[in-house]
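Q: Here's the letter readout for the chains.
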Amino acid sequence: MKEIEKQVKEFYNSKSLSIEQFEAIGNGLNNKNKQQIVVSNILKYAAVFIVFVGILYSLFLLPKQRQNSIVNEFADEIAFNHRKKLPAEIKTNNVLVLNKKMDKLDFEIVLPQKISTNLVLKGGRYCSVDNRIAAQLKLENKQGKRVTCYVFKKNENFEFDKKVIKDNVEVTFWDDKVLIFALATEKD
Amino acid sequence: MVYSKELEELLNRGYRYALSLTHNKDDAFDLVQNTYLKLVEKSKPLIISYLITTIRNQYIDNKRKENLRFKWQNKKNQETSYEPNFTVEPFLERILSELSPKEREIIFLSIVEEYTAKEIADVMTIPRGTILSILSRTKQKLKLKLKENIKEV
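Listed in order, the protein sequences are those of chains E and S.
Under the working numbering, the first residue of the first sequence carries the number 57, and numbering increases by one thereafter.
Under the working numbering, the first residue of the second sequence carries the number 50, and numbering increases by one thereafter.
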C-alpha cells in the first residue's frame, strides 16, 4: 500500500506549471487588469455623466416644469371663471371703495400701472384661485371690451411672467412679489 | 503578476489538484489559470483551501456546460472519448485514468495534499463515511493494479 501511495505522490508532485504557463497566467492577469481599468473608467464617466444630467434636470428643468404646470393650472381656473361672465358684486370705479367693501381679502388691492393707464375699473367681486381668496376686478378697455383681472396672494417663490391661452381666453400673468395678477380677455 | 516562490508553490498545488480532476494537462492549466484570475479579480484570499474549492467549483461548472453541449450535439460522453496527453509515467497515468474523477480527487487530496477524511468531506460536500469507503476501495484498486503490473513485468 505504501508503495502505491509513494508513487501517486511522486506522480503528482512531479507535475508543475512551466515558465511559459506562469507567464501566460501573468499575461492573462495583465490583460484582465487593463480591461477592468477600461471598464471601470467607462463606468465612472457614465456615472458622473448621469449624476451631472440629474443635477441639471433637478436644478433647471424640473423647477421649470413645475412652474409651467402651476401657471397652467391657474390659467385653466381663471379662463373658466372669465367665461362664466359673473356680474360685479360691487360696482365702482374707485379702488379704495373696492378695498373697503371687500374686507374679507387678506391683502390690499392695488391697481398696477399697466391696468390704470389702459383700462377702466367697473367693479369687483370675490373669487378664488387655487383655493386662495382672490379679487376679481371687472375692467373695460378703450374699445369697450370686457377684461377681468384676478388678484391673489403669492405663495410661490418664482416669478410669474407668462402669457397662456386657454379656450380662446388669453391670460397674462405677472407679480409684484406679494401679489399675483392675471389679466384675462377673450382673444380676437 | 507579482512572482514569488509562495505563489509558484500555490499555483503548482492548484495545478496538481486540477490534474487530479481533469487528468489532462491542458484542461488543468486552463482551470488553474481561470480560477487564479477569478480570485485576483474578486480580491479573494490566495490560500490553498480557497484555491481548491474554487478550482472544484469551476471544474463542476465546466462539466455542466460540457454535458449540456454534448447533450445538445447528441455526442457521446466525454468520459468515454477521453484521450490523456501525458507522456511520462505510463503505468501510473494509465491506472489513474481508469479511476473516476471522484476517486482520483479523493486519492489526490488524501495522499498528496494529506487531507483528513473530514477535510476531504468538507471540500467535496459528501459524508465522511462515504469518503473513507471510496478511499479504502480506491487504494485497494490501486494496490491490485500495482500487483498486476509487477506480475506483467
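Derived by calculation from the structure, the hints in this document are not laboratory data.
The model shown is predicted, which means the values in this text are computed figures rather than measured ones.
For every residue, glycine included, the Cβ atom is placed at its ideal position computed from N, Cα and C.
A portion of the hints provided could be inaccurate.
[Claimed, not checked] The list that follows gives simulated cross-link-like pairs (lysine to aspartate or glutamate, DMTMM-like), each with its CA atoms no further than 20 angstroms apart:
no.: 1; chain 1: E; residue 1: K243; chain 2: E; residue 2: E226
no.: 2; chain 1: E; residue 1: K58; chain 2: S; residue 2: E197
no.: 3; chain 1: S; residue 1: K87; chain 2: E; residue 2: E226
no.: 4; chain 1: S; residue 1: K74; chain 2: S; residue 2: E57
no.: 5; chain 1: E; residue 1: K65; chain 2: S; residue 2: D110
no.: 6; chain 1: E; residue 1: K140; chain 2: S; residue 2: E55
no.: 7; chain 1: S; residue 1: K74; chain 2: S; residue 2: E152
no.: 8; chain 1: E; residue 1: K71; chain 2: S; residue 2: E197
no.: 9; chain 1: E; residue 1: K65; chain 2: S; residue 2: E115
no.: 10; chain 1: E; residue 1: K58; chain 2: E; residue 2: E79
no.: 11; chain 1: S; residue 1: K151; chain 2: S; residue 2: E57
no.: 12; chain 1: S; residue 1: K194; chain 2: S; residue 2: D110
[Unchecked claim] In silico negatives: residues of chain E with every beta carbon more than 12 angstroms from chain S:
no.: 13; residue: E61
no.: 14; residue: L152
no.: 15; residue: S172
no.: 16; residue: E226
Q: Hints first: check each against the structure and report whether it holds.
A: Evaluation of the provided hints:
Annotation: proposed proximity of E:K243 to E:E226 holds, straight-line Cα distance about 6 angstroms (limit 20 angstroms). For the proposed pair E:K58 and S:E197, the alpha carbon gap of about 16 angstroms is at most 20 angstroms, so the pair holds. Between S:K87 and E:E226 the alpha-carbon distance is near 68 angstroms, which puts this suggested pair outside the 20 angstroms criterion. For the hint linking S:K74 to S:E57, the alpha-carbon distance of about 17 angstroms falls within 20 angstroms, and the restraint holds.
A hinted pair counts as satisfied when its Cα atoms are at most 20 angstroms apart, and E:K65 with S:D110 does not qualify at roughly 27 angstroms. Proximity of E:K140 to S:E55 is assessed by CA-CA distance (about 91 angstroms); at most 20 angstroms being required, the pair is judged violated. A hinted pair counts as satisfied when its Cα atoms are at most 20 angstroms apart, and S:K74 with S:E152 qualifies at roughly 18 angstroms. The suggested pairing of E:K71 with S:E197 is violated, with an alpha-carbon distance near 25 angstroms, which exceeds 20 angstroms.
About 30 angstroms separates the Cα atoms of E:K65 and S:E115, which puts this hinted pair outside 20 angstroms; it is violated. As the CA atoms of E:K58 and E:E79 are separated by approximately 37 angstroms, the hinted pair breaks the 20 angstroms bound. Proximity of S:K151 to S:E57 is assessed by CA-CA distance (about 26 angstroms); at most 20 angstroms being required, the pair is judged violated. Among the hinted pairs, S:K194 with S:D110 is inconsistent with the structure: their alpha-carbon atoms are about 32 angstroms apart, more than 20 angstroms.
With a least beta-carbon separation of about 5 angstroms from chain S, E:E61 fails to lie farther than 12 angstroms from that chain, contradicting its non-interface assignment. The Cβ of E:L152 lies farther than 12 angstroms from every Cβ of chain S, with a closest approach of about 80 angstroms, so its non-interface assignment holds. The beta carbon of E:S172 is kept farther than 12 angstroms from every beta carbon of chain S, the shortest such distance being approximately 76 angstroms. No Cβ of chain S approaches the Cβ of E:E226 within 12 angstroms, the least distance being about 66 angstroms, so the stated non-interface status holds.
Hint compliance for this structure: hints 3, 5, 6, 8, 9, 10, 11, 12 and 13 are not met, and every other hint is.
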